[in-house]
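**Student:** Here the protein sequences line up with chains A and B, keeping their order. Taking our numbering, the leading residue of the first sequence gets 1, the next gets one more, and so forth. Taking our numbering, the leading residue of the second sequence gets 350, the next gets one more, and so forth.
FYI, nobody ran anything at the bench for these hints, they're computed from the structure. This structure is a prediction, so every number in the text was calculated from the model and none was measured. Every residue, glycine too, gets a C-beta built ideally from N, C-alpha and C. It cannot be assumed that every hint is accurate.
[Stated by the list, open to error] Incomplete in silico selection of chain B near chain A, CB under 8 Å:
#1 Leu398
#2 Tyr497
#3 Ile664
#4 Phe666
#5 Leu667
#6 Ser699
#7 Asp736
What follows is each chain in one-letter form.
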Amino acid sequence: MSRRDTRGNRNVPSPRHSTSRPFLRAAGLIAVLALLAGCENSPSSLTPKGPGAASVTPLWWFMLITATLVAVIVFSLLGMALLRSRQEQPAERPMKMDSQRFILLCGAVVPAVILVTLIFLMLGVMADLDNPPEEPNTVIEVTGWMWWWEVRYPGTDAVTANEIHIPAGEPVELRVTAADVIHGFWVPELHPQINMTPGIIDTIWIQADEPGIYRGQCTEFCGLQHTFMALLVIAQEPDEFDAWLAAQAEPAPEPSDPVLQRGQQAFLDNQCLFCHAIRGTSAVGEVGPDLTHVMSRETLGAATLDNSVGNLAAWTANPHEFKPGVKMPAVNFESEEFAALIAYLATLE
Amino acid sequence: MATVSEQTVSERLDRLYGNPPGFAGWLSAVNHRQVGARLIVTAFIFFLLGGIESVLMRTQLAQANLDVLSPEAYNQFFTMHGTTMMFLFAVPMVEGLGAYLVPLMLGARDMPYPRLNAFGYWCFLFGGIFLYSSFLFGMAPDGGWFAYVPLTGPVHSPGLNMDFWLLGISFVEISAIIAAIEIIVAVIKTRAPGMSANRIPLFVWGELVTALMIVVAFPALLAGSVFLELDRKIGTHFYNALEGGSSLLWQHLFWIFGHPEVYIIFLPAAGIVSMIIPTFAQRPVVGYTLVALSTVAIGFMSFGVWVHHMYAMGIPFLSLAFFASASIMIAIPSGVQIFAWIATIWTGRSVFKTPFLWILGFFVIFVLGGLTGVMVAVVPFDLQVHDTYFIVAHFHYVLIGGMVFPMFGGFYYWFPKLTGKLLGEGLGKLNFWTFFVGFNLTFFPMHITGLLGMPRRVYTYQRGLGWEVLNLLSTVGSYILALSVAIFLWNVFASLRSGTPAGPNPWNAGTLEWATDSPPKNYNFLEIPTVSGRYPLWEEQDIYSGEDIDARANAYLVQPHHLHRATQGTTPLYAETDGIIRLPQPSMLPLLLGFGIAVVFGSILVNLIVPAVLGAIWSLVIITIWLWPHEGDFVE
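Work out the full structure: start from the sequences and follow the hints.
**Tutor:** This is how it looks when you write it as structure tokens:
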């Protein structure tokens, strides 16, 4: 910034009046902190792990760079206007350019060019997202419930909850809907979101390029426990996926050990079976997660807790401690019965 | 001799346009400045309440897994925060500023329907109290300010929470529509002679377009709310998909109101910017016609973009492409305004007083919010940030940047016109800088929080997802914002107690509101001013020269013995005098009618048929008295 003789027409005022400075400093600081923060395991839409999410990130970077340039130019013009208008000059000085032309050029023509370009880029990405890279071989039905996810694999008996296993490296078709209220299906690293609406089945595809676990979370406010309605997408090598699917389609084994038998009886004698199903038993409840292979899952309570026998016992004893307001009631068991129940559930792998 | 009689006239008129004495007189006030000031103060109190809610929410989110607010409380708070800021703060605030300032800018004595104006205020006050009374019963609305069905339907929200919401906002919407009608008629019929359409102050343009938008947009939500309340109370199926209804219908009705709503809030604020910049650049605005046309263009375009709130609903490709393109292109009229303001500063001489500072802050924040606005109009990107903290960041940049910054600028600018005192400059600058820093610290990190995958409307979050540091920054920022608002209140109290008297025109501004005393006498202007330009006080001509005025009209308005309030009537386009508009005297009827409607709404809430019917009969009786022709109405 050049500082000239105060008598001349270009005496630049002290820079502390420039409004954008503190802001830029703060923005820089925040950007650094964000980078540090981003080192952790965020389910970030900026680190795409599948072609759906990956088709959006170039658009984002294009928009971010363009927007930054626009902001810099606009703020510079504003800064220059402020500097110029502080000079000791007669009040009314025309601009070099005709002012109407300046307004229309900067305010309408240049933006129109940028925005129309953006519209065409957008339409290209929309078309990419509309069609999967290849025809999906696997169809999965995902239904949102207050506040968990039901996952079915049509053509098989496999039903699971709160995690979607998919074969890696190929697109999978998801048919999403909701059982009660509108939910939002979003796995940021894999694919842009879609709402799940009761009575409507929407179809999207997702693909994970590599095996891995990708976190998703309900995005549409769905009531009291919207917060603890997360899910995991678990991408596996195709043969591992096939093995997993075959195992999930099996019913639960009949327990032979008397303690386990007692645990099963506890499940069937109490209110558990009104909501939960364990295939192979008389429990065919449909409004809670299918528990046939509950111990094969990574989490409990829609990714509220890591899955372990200890957490399972704690959750079953009082789910409201971890997820206040969850639809599952806390049941009063006798301690022996409860231990048998947990022992039985722990065998459902 | 002349001065003596002028004083007598002044005193007489001041009494004629003032309130009757006492508490009853206070309740029956209909003067536009009293109603406007009440709207402004009440809306600001709701701004404080919404702000307290937000600070509590930020406290809950300061760290992972905190337990400051229960899930129920958090859901109620974010619902009431959004509802308060949109319905109880922003809209009444812009309408209150309009009710106070528009007649002064137009050179009128009052608005054309003073009693209706007062009725609008009582509806707003009762509606706001109605909504907030839900906290006393522990039944505050908890379905979000957007109240999506089926979550808010009878099955999933069986409590009274959403009934409070539906009835309360309907009440407030009545008030908004009333104030809008008032402003439209005032602008079209009561401008000072000579104030042709191309000389209307840009703030008034903003208020006019906003008012027209309210009249079109609010009935959609009113209808939608009535449908939902019918679904809830008597089991209709407007939104029940199982019986052939549609939950999407609600979203369309809500957003065809909801998107124009943000421009309803923004356009008057942009008008404030267009008033403050010329004053502090000490020159007329550059590109007046372009700015006015942009205002009108935004008004129209804003009705073609609502679906961009619904991209994730599985909308067909072609509709998405249309609504996305419209949403992207609406940036252009805003761009025109931005560069018109830059050109005005460029060719003027800046005076760096507090109001101007707020406008510069508006520039920075609003431009950034506008840029992210273009981003979220782009469908695929929106679907990666929809309902995340990126959106929270974006719309606080446009709403706080686009409305709250100009509003504070407007407070500092027009405070003398309301109170006769100037606000403190030093405290004002402190107020501005703490607000600016606190705002950016709160909301800038949210862009990143959203990109890192954090959804909105969650009462807590788990550790290890990379969201902790950013959330903590936002919480600290919100405390700085709260501090800043406290500084503002302090400034107001200090100024009211011992502020510098301002005089009629402390900023050397050019528009009519500065031609009269600060605060103005009850009658605003002793004689009808005439204008011959956009900045009458900067013109050579005397505004009281009497040119362009129908001498009989002027004579009627200044004669000391007339017994009725009145203001000039002028033609819509060229503002030529075409008569006198007789105005009613103060009246209790607006309050009594508001009370009757409050009884109806309260009774519907708790399913009491008899009081509801009695309230309706009461209201009809009041309306009949209100409309009963009085002797003398037709004698002129």
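**Student:** Confirm or reject each hint.
**Tutor:** How the hints compare with the structure:
no.: 1; hint: Leu398; verdict: violated (22 Å)
no.: 2; hint: Tyr497; verdict: holds (6 Å)
no.: 3; hint: Ile664; verdict: violated (10 Å)
no.: 4; hint: Phe666; verdict: holds (6 Å)
no.: 5; hint: Leu667; verdict: violated (11 Å)
no.: 6; hint: Ser699; verdict: holds (4 Å)
no.: 7; hint: Asp736; verdict: holds (4 Å)
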